[in-house]
Amino acid sequence: MSIRRIIPALAAVLALALVLAACGSDDNSSSSSAPSTSSSSAATGAAIKKDSANGKVTLTVGSKNFTEQKVLGEIYAQAFQAAGYKVKKALNLGDEQTALKALKGGQISGYPEYTGTALLSFLNVPAAKLPTDPGEAYDQVKAGMAKQGIEAFPPTPFTSSNEVGLLKKKADQLGVTKISDLKSKASSLTLYGSPECRTRRDCLLGLEQVYGLKFKKFVPVDIAQRHEVLTSGQADVSIVFTTDPQIKRNDEVLLQDDKNMFPPYNSTFLMKTSTAQKAGPDLPKVIAAVNKNLTADVMQELNARVDLDKDTPQQAAQAYLKQFKLISS
Amino acid sequence: MTLDPTLVLAQSEGGFFRNRSSGVDKCVESNGFCPSWIVHHLDRYTTPFEQHLVLVVVSVGLGFLVAFALALLAHRRRWLVAPVTQITGILYTIPSLAAFFILLPITGRGRTTAIIALTAYTLLILFRNIVDGLDGVPAEARDAGRGMGLTERQLLWRVELPLALPAIMAGLRIAATTTVGLAALAFYAGAGGLGEPMEADKAFDSNVVAAGGLCVVMAVALDGLLLLTQRLLTPWTRARAA
Amino acid sequence: MHATFAFLGELGDAIHFIFVKQTSRGGAEVGGTQLLPLLREHVLITVVAVAAASAIALPLGTWLGHTGRGSFLVISVTNAGRAVPSIGVVFLFFAALGAGFFNITLALVLLAIPPILLNAYTGVRGVDPDTVDAARGMGLTGTQILSRVELPLALPLIFGGVKTSTVNVLATATLGPAAGVVTLGDPIINPSSYGDAGRLGAAIVVAVLAVGAEVGLSAVQRALTPEGIKLAEAAPRQRGLRLAVPKRRIASAS
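Note that the protein sequences, when read in sequence, are chains X, F and H.
For the first sequence, the working numbering begins at 143 and goes up steadily by one.
For the second sequence, the working numbering begins at 452 and goes up steadily by one.
For the third sequence, the working numbering begins at 1170 and goes up steadily by one.
To be clear, the hints were calculated from the coordinates, so they are not data collected in a lab.
Treat the hints with caution; some may be incorrect.
Unchecked claim - Only pairs whose alpha carbons sit at most 20 Å apart, straight line, appear in this in silico EDC-like list of lysine to aspartate or glutamate:
1) X:Lys-359 <-> H:Asp-1297
2) X:Lys-467 <-> X:Glu-293
3) X:Lys-246 <-> H:Asp-1297
4) X:Lys-312 <-> X:Asp-323
5) X:Lys-243 <-> H:Glu-1210
6) X:Lys-310 <-> X:Asp-400
7) X:Lys-246 <-> X:Glu-293
8) X:Lys-246 <-> H:Glu-1383
9) X:Lys-434 <-> X:Glu-293
10) X:Lys-401 <-> X:Asp-323
11) H:Lys-1399 <-> F:Asp-586
12) F:Lys-477 <-> X:Glu-278
13) X:Lys-243 <-> H:Asp-1297
14) X:Lys-390 <-> X:Asp-314
15) X:Lys-228 <-> X:Asp-193
16) X:Lys-390 <-> X:Asp-439
17) X:Lys-243 <-> H:Asp-1182
18) H:Lys-1399 <-> H:Asp-1297
19) X:Lys-327 <-> X:Asp-400
20) X:Lys-310 <-> X:Asp-399
21) X:Lys-356 <-> H:Asp-1297
22) X:Lys-325 <-> X:Asp-314
23) X:Lys-359 <-> X:Glu-370
24) X:Lys-390 <-> F:Asp-586
25) X:Lys-358 <-> H:Glu-1179
26) X:Lys-390 <-> F:Glu-480
27) X:Lys-356 <-> X:Asp-400
28) X:Lys-356 <-> X:Asp-393
29) F:Lys-477 <-> X:Glu-370
30) X:Lys-359 <-> H:Asp-1365
31) X:Lys-325 <-> X:Glu-350
To be verified - Which bits of chain X does chain F cover? Going by a derived footprint, with three or more residues having C-beta under 8 Å, they are:
32) 365-377
33) 441-454
As the list claims (entries may be wrong) - Ranges between beta-carbon positions, derived for each pair:
34) X:Gly-291 <-> H:Ala-1175: 18 to 24 Å
35) H:Ala-1175 <-> X:Pro-423: 32 to 38 Å
36) H:Glu-1198 <-> X:Asn-402: 24 to 30 Å
37) H:Glu-1198 <-> X:Lys-246: 22 to 28 Å
All values derive from a computational prediction rather than experimental measurement.
Note that CB positions come from ideal geometry on N, CA and C, so glycine has one too.
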């Protein structure tokens, strides 16, 4: 076989392979689609029934960039797929502004947001007007987002707020149980939070404005390290989430929000109204079925499975859906 | 995934909640390097591995086609060598992370952006090696070919390119191994790859080692494959060495 | 057409971000002079890492090149350096040692060693054996040959290795914020308070910085090249195809 024949032949095969590979690209998915579940869900009595009419609709499920979000994203993605929709995933997008931008720009069809985050970051509700009742928070979000052409689906039972956390021994040493207790002590304390914490009213900015706290130092750190920095002693105070499994494990204390700086944070699935209409009547039913059992305990268990047991979000999500008989085992 | 039996017990009791006070894998809990965990959890890296491989193969392949075309052009028009080298040199120097986000407004988030950036990176190495390979062909071989009555085109394909093959393959091998390393960043552009699971739990030693190790395996395998191809395509070098 | 205007608009916002300090949502000051501390951190960690790597790799590489031993070590280190992804090394050090300037500098030192080592080795090794013989004939000792003959002749290639490492480390330092070192990569890795304009702006600054470093250091490299070698390099190669050709390509390509 002469070189003269091999090289053009190789080039042709290579070019063909490249064209096929590049054309088959899923530009919007960061990982493969959810694992296929048994299609005859009627046999084992799973709550989500596959309707092949839904196959005409493609839904791209997004999520923000921390564990709870990735798990929720996976849960919705797998649930939609079980209902027969074509599902793509674009998880781990970034913070809420990035996610909203992707939603409005059409890169994703929907993602799970929190009522509190929507109130503060999207609707700019002033601190004095923040609701304390989860139902009222949702109503405000629903109304506010509808004006932006976005539907906010009914929320989960669990709420997962930003919390001001310390190790128990540090809290005892300082003698603090409420956030306002920190007023006199903050100037000698180091606070660690996510990079966007400095500019968020439900984070450092709010602590400064509502509680008048002036910390000695604020250090931005990856969200995933929020507990690590407490146990390693680098941080005196860290911003953590209500449903974090590490709170119990590390013996941490969450300071009471006595001035009601933090609104409720139930998870509500956001989707453009136009997309929701195209998706048909099954969509709200699936979301409602999924949300029903997402209590604080369950959400914390799912977070623990990923953060502590090192399961993948996909595995944790599947376990949730199977446990509560939403998909068949 | 193998579960500790005490954990399984809690789950099968009808409860959903695992018992974490006992039977916890100490190595995993401390985010350490746990070879048995890696071995049992390799399946979670298969999809990223596939995505990674596609990125590398497509980028190096495209880069080769472009570089090859440019090199053939520059072979006859020597004045092209300097400007092409300069331009591909600039593309090579731009850090891929920066390149992803400069391309983002134009090509959006996803595999296309990553492939464009990765392809651009390979151009310098491949172009230079192909040109040098062709330049390194002995004048005597060219003269002999012309003496035999070969046209310029036949000379190129039957004499020059085969003799340039070692240099070309060397360039391909370098391009392939460096692209494997760079493709680990592709997840920042939304293109997946082994960097994605790596970053997802970057504090967990075993995870970083597993994902990074699979990158190394891929690089070594591609390098070996290309070396083998080179040996097959240039049997005369083996004969000479023998 | 609309997409082009949109892109130009984003580009304009990004340039504005680079030069003008502005207030982001929530009141943080970003852009303009706020980028200077990020730039400082970025350059600082690069310089420290390359300097430390040079301190290790230059003596080792030049000595191995001079004695002619250890080619297997140099090739292995080079291949390992190419096969291992830089993000992997950074995250490994992050996982093992934690966040922080010092820990990540260690990772970058490791990444910076292979090109410097390889170029030091091939530079010294590649000095014309006739020249070395002539020097030996003139009575110079081994160390004198190394310092007075081999090093000066190998200097351009050696410096090329330092240049390559510098650009590589500069690029990898963009990942710093993911490991707790706040460099110019911050608007790229953590864009939330900087916005899309900030992310594009920082990407442009990083690209310009890298190209600038390459151009600047190339100029220094040219200045270090003795005239005779510059002329020899420019002449077309008449020698036959040597298998050493790929190696030289490796040396100056990486």
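Status of each hint after checking the structure:
1. X:Lys-359 <-> H:Asp-1297: Violated, because 59 Å separates the two Cα atoms, which is more than 20 Å.
2. X:Lys-467 <-> X:Glu-293: Roughly 27 Å between the alpha carbons, so the hint for Lys-467 of chain X and Glu-293 of chain X is violated.
3. X:Lys-246 <-> H:Asp-1297: This hinted pair is violated, its Cα atoms lying about 65 Å apart.
4. X:Lys-312 <-> X:Asp-323: With a Cα-Cα distance of about 13 Å, the restraint between Lys-312 of chain X and Asp-323 of chain X holds, given a limit of 20 Å.
5. X:Lys-243 <-> H:Glu-1210: Distance of about 31 Å is beyond 20 Å: violated.
6. X:Lys-310 <-> X:Asp-400: The hint holds at about 19 Å.
7. X:Lys-246 <-> X:Glu-293: OK: Lys-246 of chain X and Glu-293 of chain X at ~12 Å, within 20 Å.
8. X:Lys-246 <-> H:Glu-1383: Not OK: Lys-246 of chain X and Glu-1383 of chain H at ~40 Å, beyond 20 Å, violated.
9. X:Lys-434 <-> X:Glu-293: Satisfied, since the Cα-Cα distance of roughly 19 Å is no more than 20 Å.
10. X:Lys-401 <-> X:Asp-323: holds, 11 Å
11. H:Lys-1399 <-> F:Asp-586: Holds, because 18 Å separates the two Cα atoms, which is no more than 20 Å.
12. F:Lys-477 <-> X:Glu-278: Violated, because 44 Å separates the two Cα atoms, which is more than 20 Å.
13. X:Lys-243 <-> H:Asp-1297: Status violated; Cα separation ~61 Å.
14. X:Lys-390 <-> X:Asp-314: holds, 16 Å
15. X:Lys-228 <-> X:Asp-193: Distance of about 11 Å is within 20 Å: holds.
16. X:Lys-390 <-> X:Asp-439: At roughly 12 Å apart (the allowed maximum being 20 Å), Asp-439 of chain X and Lys-390 of chain X satisfy the hint.
17. X:Lys-243 <-> H:Asp-1182: holds, 17 Å
18. H:Lys-1399 <-> H:Asp-1297: Between Lys-1399 of chain H and Asp-1297 of chain H the Cα gap is close to 15 Å, so the pair holds against 20 Å.
19. X:Lys-327 <-> X:Asp-400: holds, 17 Å
20. X:Lys-310 <-> X:Asp-399: Holds, at roughly 17 Å.
21. X:Lys-356 <-> H:Asp-1297: The hint is violated at about 67 Å.
22. X:Lys-325 <-> X:Asp-314: holds, 16 Å
23. X:Lys-359 <-> X:Glu-370: holds, 18 Å
24. X:Lys-390 <-> F:Asp-586: violated, 69 Å
25. X:Lys-358 <-> H:Glu-1179: violated, 37 Å
26. X:Lys-390 <-> F:Glu-480: holds, 14 Å
27. X:Lys-356 <-> X:Asp-400: Holds. Lys-356 of chain X to Asp-400 of chain X sits at ~18 Å (cutoff 20 Å).
28. X:Lys-356 <-> X:Asp-393: It is violated: about 26 Å lies between the C-alpha atoms, which goes past 20 Å.
29. F:Lys-477 <-> X:Glu-370: holds, 16 Å
30. X:Lys-359 <-> H:Asp-1365: Roughly 27 Å between the alpha carbons, so the hint for Lys-359 of chain X and Asp-1365 of chain H is violated.
31. X:Lys-325 <-> X:Glu-350: Distance of about 10 Å is within 20 Å: holds.
32. 365-377: Result for this restraint: holds, n = 3.
33. 441-454: Satisfied; 8 residues make the cut.
34. X:Gly-291 <-> H:Ala-1175: 18 to 24 Å: holds, 20 Å
35. H:Ala-1175 <-> X:Pro-423: 32 to 38 Å: holds, 36 Å
36. H:Glu-1198 <-> X:Asn-402: 24 to 30 Å: holds, 29 Å
37. H:Glu-1198 <-> X:Lys-246: 22 to 28 Å: holds, 27 Å
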